[in-house]
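Can you build the whole structure from these sequences, using the hints too?
Top to bottom, those sequences are chains A and B.
For the first sequence, the working numbering assigns the number 1117 to the initial residue and increments by one for each residue that follows.
For the second sequence, the working numbering assigns the number 4 to the initial residue and increments by one for each residue that follows.
No lab work stands behind these hints: they were computed from the structure.
Here a beta-carbon is modelled for each residue, glycine too, at the ideal position from N, C-alpha and C.
Some clues are possibly wrong.
To be verified - With a straight-line Cα cutoff of 20 angstroms, these simulated EDC-like cross-link-like pairs (lysine to aspartate or glutamate) come out: (1) 1193(A) to 209(B); (2) 1193(A) to 64(B); (3) 1205(A) to 153(B); (4) 33(B) to 8(B); (5) 1205(A) to 180(B); (6) 112(B) to 323(B); (7) 112(B) to 124(B); (8) 1152(A) to 64(B); (9) 1193(A) to 207(B); (10) 1193(A) to 180(B); (11) 383(B) to 342(B).
What the hints assert, rightly or not - Away from chain A, derived, C-beta distances all over 10 angstroms, residues of chain B: (12) 71; (13) 77; (14) 153; (15) 186; (16) 198; (17) 223; (18) 345; (19) 379; (20) 408.
To be verified - Derived coverage of chain B by chain A (criterion: at least 3 residues anywhere in the stretch with Cβ under 8 angstroms from a Cβ of chain A; other residues may be distant): (21) 200-206; (22) 410-418.
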Amino acid sequence: MSETRDIICVTCPMGCTMHVVVADGQVQEVTGQSCKRGIAFAREEVLSPHRMLTTTVTVRNGTLPLAPVRSRSPLPKALLLPAAAELRKIVLCAPVQQGQLVTANILGSGIDIIASRDIASSDAPQSAA
Amino acid sequence: MRLLEADVLVIGSGPAGLAAAYQARVSGAKRVTIIERNREPGGILPQCIHNGFGLRIFGRDLTGPEYAQRWLYQAQEAGVEIMTRTMVQSITPDLRITASGNGTLVDIKAKALILATGCRERPRGALGIPGARPAGIYTAGTAQRLVNIEGYMPGRRFVILGSGDIGMIMARRLTLEGAQVMAMAEILPYVSGLRRNLVQCVRDFDIPLYTSTTITEIRGRERVESVVMSAVDEHWQPIKGTQRELACDTLLLSAGLLPEIELARLAGVKLDPVTGGAMIDERQATNVPDIYAAGNMVHVYDLVDSVSESALRAGCKAAEACSGHEQPCEPLLPLVAGENVHHVVPQYVHIGAPRELIIELRVKLPLEEPAVVQLTAGDKLITSERLRYARPSEMIALRLRPEQYQQIGQAPCLRAAVVRASQIKTRG
Ligand code: SF4
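Laid out in structure tokens, this is it:
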């Protein structure tokens, strides 16, 4: 049994629509991609879809109340909502540095969450004051 | 009053301003200064915490804050000076700029000026909707700032009017924060943002998105309590009998973006009535000598990388201008929008100069089939490129190479068009 599916690649903003032939849970054929990353995306989308997670965590003592964070690599799609809920409980202390580890191995996924910007401490002298 | 001299002065420190200033320094301008009205540089990027930035320029999938920080480091390392919390008050055509900031006035004399003032949200959207004006109505961008920067959730149950990228990105963002997005309504028969956002922001979270649908009434006295959605016909008129009420406490408006042109207007820069932005030539130069324009204040881009690329062109040309580099003397030809083209940038090109031109345009109507973008001069085809499809949400770029110029001849203008591939007869 084979079935065909249209998959929109989200790897880059081109958003190519790909035509995928799946048989016995295996990807047989991919057409319509503009580059080879599309093929990898289509395979993964059929077998186990993954997405990047971006959200915020609370910061104490910072010049801003939140720090934006991201997953280092895409997470299984089913983990997006639970991981975001988990991150709502986390409080960081300023200063925060871009790339700083926020949570390792979120929900046992093997994927780390890192900060995506610097947040200065509100106690530190402000350079642009 | 403080006095300041700059070779290149850049207004705005978003993805255009930072890139323009960096490139101006790298191209040899000695003193490059950015004026930014906000407390921190980056423009809108700090609140765009999602990824998808920088793939083309940095070869990496960055979030908005990461993209801003990269350009900021590069600009600072190149020796760009940034004045934050400073607002431009006036610009004269001979490039005297008055700005106020931190309690003082600054008088700046610049050899070249780059306007990188970005865009703002289209205010319309709710204006035509009957009903009371209760609390709980925000533009999508304002909600984005509240949620991502200030840590304030403006509601629990949302309806989003419009399907622009910020609206779709906010639909996902609010869902991740535990709020409910009841529905998105788009008056057009197609989604107006990028395909990838439809997938990863809307479909991934099973958010209902209705096209050819609008909101015809907002209900609630103090606070939004519900909205009435109706299907619309091809003239955007609500179809009787299709109304249904949707309970919600907050309405977000995602009606698109408009170039921010207040300062351009002060400086006497000519504006394009279609884009609402500055009119430029292929160097990003405006009609006012030594004033350049880049990024979303020229026309609203779909990708931040393209914003920065337009700014790199402006930075380079502004640096050349203030070092006394010869200005082009070739004839200036208008570039106009033809069939199914909403607008095209640059609006003018110097034909004959030994450099490649990049032409950017958007289509009026989507073609979900192979299409061809064509550039013609009179009835002569100058260049064309095949597209897999043409969508209003995606900017189309076309390159014009120097060896193609000679075919233009004496034509009074260049015309860009986007047609169905099947419409074109194969030539012998
Ligand atoms: S197939 Fe390649 S070009 Fe197309 S969206 Fe995916 S990554 Fe981008």
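To see whether the hints hold, each was checked on the structure:
no.: 1; hint: 1193(A) to 209(B); in the structure: holds (13 angstroms)
no.: 2; hint: 1193(A) to 64(B); in the structure: holds (18 angstroms)
no.: 3; hint: 1205(A) to 153(B); in the structure: holds (17 angstroms)
no.: 4; hint: 33(B) to 8(B); in the structure: holds (11 angstroms)
no.: 5; hint: 1205(A) to 180(B); in the structure: holds (11 angstroms)
no.: 6; hint: 112(B) to 323(B); in the structure: holds (17 angstroms)
no.: 7; hint: 112(B) to 124(B); in the structure: violated (31 angstroms)
no.: 8; hint: 1152(A) to 64(B); in the structure: holds (16 angstroms)
no.: 9; hint: 1193(A) to 207(B); in the structure: holds (8 angstroms)
no.: 10; hint: 1193(A) to 180(B); in the structure: holds (16 angstroms)
no.: 11; hint: 383(B) to 342(B); in the structure: holds (15 angstroms)
no.: 12; hint: 71; in the structure: violated (8 angstroms)
no.: 13; hint: 77; in the structure: holds (14 angstroms)
no.: 14; hint: 153; in the structure: violated (7 angstroms)
no.: 15; hint: 186; in the structure: holds (19 angstroms)
no.: 16; hint: 198; in the structure: violated (3 angstroms)
no.: 17; hint: 223; in the structure: holds (28 angstroms)
no.: 18; hint: 345; in the structure: holds (19 angstroms)
no.: 19; hint: 379; in the structure: holds (26 angstroms)
no.: 20; hint: 408; in the structure: holds (29 angstroms)
no.: 21; hint: 200-206; in the structure: holds (count 3)
no.: 22; hint: 410-418; in the structure: violated (count 0)
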